[in-house]
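Visitor: Sequence:
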Amino acid sequence: MNPLLLQRIQGIGLLYVDASVWQMLRGSIIIFAGILSKIFLKRKLYPVHWLGMLVTMGGLILVGCSSVFQSTQSTSGSKTLLGILLILGSQLVSASQMIIEELFLKKKNFHPLQVVGMEGTFGLLLMTFVVLPVMYFIPGDDPGGRYENSIDALYQLGNSPKLLIFCILYLISIAFYNYFGLAVTKSLTAVHRTLIDACRTILVWAVSLVIYYGFDKEFGEDFDKTYGILQVDGFSFLVIGTMLYNQVMTLPWIPWCNPPPSVEVVAIVNEDHGVNGKRSASVKKSANIQDLEESYKSDIDECSTLLARPKTERQQQVYT
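Per our numbering, the sequence shown starts with residue 14, numbered consecutively.
It is possible that some hints are incorrect.
Said to hold, decoys possible - Only pairs whose alpha carbons sit at most 20 Å apart, straight line, appear in this in silico DMTMM-like list of lysine to aspartate or glutamate:
{"hint": "1", "residue 1": "Lys121", "residue 2": "Glu132"}
{"hint": "2", "residue 1": "Lys230", "residue 2": "Asp246"}
{"hint": "3", "residue 1": "Lys175", "residue 2": "Asp165"}
{"hint": "4", "residue 1": "Lys55", "residue 2": "Glu132"}
{"hint": "5", "residue 1": "Lys55", "residue 2": "Glu114"}
{"hint": "6", "residue 1": "Lys57", "residue 2": "Glu132"}
{"hint": "7", "residue 1": "Lys57", "residue 2": "Glu115"}
Please keep in mind that the hints were generated in silico from the structure rather than gathered at the bench.
In this text, all values refer to a predicted model and were calculated from it rather than measured experimentally.
Take these sequences, add in the hints, and give me the full structure.
Guide: Right, here's the structure in full:
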């Protein structure tokens, strides 16, 4: 239900603001996720986390002001403000979805692919058998006086090869986006994925500028000489806030904004030297106390889930 509501709210909000502003405002998810994790997951947030959220909020204010000030006669300032509020609301929905997913993954010990599969299945069923039929019988401006004429949409896809190709390309792009996002998380860390995702904002803005000045001014976005600098500053604040929250950037001259304390974890690494013997080496690795606490809680939950199963099933689980 959350992804369906998220897409609808984001789509409506995009109608009233530029694509780059829409992309930048999506960075507010870090604020909502931090607050919700503090409330529902009882996660400890250090001053550096709150500072990162405050810096991100400053960037959002700059981006929002630039969008409202640039509003033209075709899109009034009130509609632009409505679009901003809708986008922020969609990020609140997205953050709540992440909290629910984390509850299922850590408390219920579900596999990530299982959670994603359930979300997609329920979303498809809800859209096919509830939302689209209801929208079909609500009066609107679509052909036949429908609010959303799904039959006409299928007819258009069948009679417009270009439209069908664009829809297929969109599905492929989303598939690659999800795959590469998981690949980055697996190869590096989730922090790198967050930073890369934030940096794509400037790519969206750059493409909008290229389209406006190089191809078609109807679809692109011009650089406002009066308020465009606010977007640049807002984007900079968004990136800095994200880096502070993920502890990629540190402020050593501000003691209370230092990252959480870390401990030295000693691991024993065995190296084979032929058939006759082995040599053991001790390797020190810095680990964050908060990460260790979450890992410990995850192990406890997994053990509790295993102990709740029948004895024969526990034995099979241990041997496998």
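Visitor: Can you name, in rising order, the numbers of the hints this structure does not satisfy?
Guide: 2, 4, 6
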